[in-house]
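**Q** Add chain B to chain A, keeping to what the hints say.
Those protein sequence lines, which keep their order, are chains A and B.
Residue numbers for the first sequence follow the numbering used here, so the first one is 766 and each next one is one higher.
Residue numbers for the second sequence follow the numbering used here, so the first one is 403 and each next one is one higher.
Hints listed in this document are in silico derivations from the structure and should not be mistaken for laboratory results.
You can trust all of the hints, since none of them are fake.
Capping the alpha-carbon separation at 27 Å, the derived lysine-lysine pairs in BS3-like fashion look like this:
1. K1006/A x K1109/A
2. K1006/A x K918/A
3. K1134/A x K983/A
4. K1134/A x K1006/A
5. K918/A x K404/B
6. K578/B x K918/A
Okay, the calculated beta carbon distance ranges per label pair:
7. K443/B x T809/A: 35 to 45 Å
8. E1001/A x L605/B: 18 to 28 Å
9. E1001/A x F577/B: 36 to 46 Å
10. D476/B x E1001/A: 30 to 40 Å
Which residues of chain A face chain B? A partial, calculated answer using Cβ under 10 Å:
11. T809
12. L810
13. T879
14. Y883
15. N889
16. P898
17. H902
18. S906
19. G919
20. S929
21. G945
22. S968
No residue lacks a Cβ here, since even glycine has one placed at the ideal position from N, Cα and C.
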Amino acid sequence: MLINPVRITAYTLTNALGSGVAASLHALQSHQSGLQPCNFQDVTLSTWIGRVDGIEEQPLPAALPRFECRNNRLAHLALQEDGFCEQINEAINRYGADRVGVFMGTSTSGIGATEDAYRHRGENGELPNDFQPTTTHIIYSITDFVRSYLQLKGVALTVSTACSSSAKVFATAQRYLEAGLCDAAVVGGVDTLCLTTLYGFNSLDLVSSYRCKPWDAKRNGINIGEGAGFALLEREQASGKGSLLLGYGESSDAYHMSTPHPQGMGAALAMQRALAQAAISADEVGYINLHGTATPTNDAAEDAAVMQVFGDKTPCSSTKGWTGHTLGAAGVIEAIFTLMALEKGFLPCSLNTEQQDEALSANVLLESKQQDITYAMSNSFGFGGNNCSLLFGCDR
Amino acid sequence: MKPVYIEAIGVIGPGLEGWQQTAAVLAGECEYQASELPALKPNMLKPNERRRTTLTIKLALQAVQDALALNSYDDLSTVFVSSDGDMDVVDRICQALCLPDHPVSPTFFHNSVHNAPAGYCSIATGFHAASTSLSGLNGSFAVGLLDAAVQATIEQQPVMLVSYDTPWPNPLSRFKPQQLPFGVALIVTPQVSERSLAELTLLPGVTGEESQMADSELEQLRANTPAASSLPLLEAIAQNRAAQLILPYLVDEQIAVEIQPCN
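Next comes chain A alone, as it looks inside the complex (with noise of 0.2 Å):
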């Protein structure tokens, strides 16, 4: 079924490789990773992480302390870059406050703030009395605190579906756009660095000790990143000018909790039904953004769908060797990273990929490109098996 474009307006992003988009241009421009040894408050872990700098230095405004949590320091910090504020502010004078949405993808939004309450326990294990769960650590505390500070009334929620999240957050602004329920929505991400991720997925032996190496042969896991994407999304036809959302894709595997459909058989489903809505074909795509974790399985379940849906030619990379998996901001950064390569005619290469690992064959760029494409996808797929694929086109 086709469905009806969607442009992006306005967009930003804060992640490892700096804060707005000249830094991540830069850093994929010029190979420098954001990725560093993990110096995460007093974590042991042999690993590396992609770290945002300066949150510690950068309080919330005075006017919203119930929100205070590193995840929200993220979500305010990125909110500064690429005039993104005032071009929300020109979307409610446009609509009113009332009819732009705010759809926010996180997976772990604040936990870090009940990590840190629990270090802190009282004589009788009770936890401080200045703990605010429900506006830090409560998943829907993300969309409320970016509704509070960007002054928006319209529909909102969070979704959460570990690593599509924000990903899957433009599917939900198409449909809810569609439905005449807002005339304009904000979408974005944000995750931050916290013990239960770092700790968790070691537990699973999903942490690399080494920069991850997505496609390599070598890869052996992940270094988890942190990060903010927002863009602003309007309806086609309206002013201004800016990248489309064509079409979007997305399924579930209903296979394994942690691991993914071997053949990879939901991310090509997704990929091809972002395809669909769009009615462009496979061999149309200039670029794919691809999960690319960089852990065995996950890497070569994604390879067999690529293959599946576009054969060896088109070409593709991660960008995780760069900033880290940032969870879920990933979907939105990715996303912002595939409109990037769209407007600037730069495929950044899989950074950190040496060799590719000879079991899997798509297109994976091991060196950086500059090449005018019409059309590119970002894949992104999560725990629980949740998957979801974006498709964007060049403004016509």
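**A** Then chain B, alone, in the frame of chain A:
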């Protein structure tokens, strides 16, 4: 928003075991007896999978199993919604993180994702369609209902909504002391059919006084448990009557729900 239709319902809660018994209570045919949560037996999951689940996952799947009992579906999109997710798992993980070497259990970790019930549901049903997992805090039921209605309308296919919440364990419980376990599943369709029970028209972003339950114990359940804010809607369907309801939606906002019986 165009109207949508409800064609099947599943319910689980304290003293509420399945839609049939719940409908009898809500229609006034028998008295509500607040009691412990009935034993959860989500047999749709294989025993090896079921062993790895938690109360929250079992509660959500029990509601699903009840909603799917009458009709069979080859595939269904799903919308799962819970205000807080699985706070038992959060408690276990945060306790482990305070110990030397931080021994987080891998099973608890993969159960900690907000979409864990949705993941187990897809494994049990084999549904490959889209699945989302949402939160809207106290208005979570309405947030999920609106999203399911939007998906059903725009994609012209049935959608299963599953709204569930469970009590917070110690030491977290004092921050939300009165939340009770409750799960409801609704099959939402874009077109009326001979199976339709009720027609719903949703209008989000209104302000008004929330519809309440006359029975004080049901009202206690409704007022403190986001998923149970569905009770006035379930009551109208059980009584097969038209109703104009106000349910909690976003912070300081409500949603108006107009209900028409279908038979």
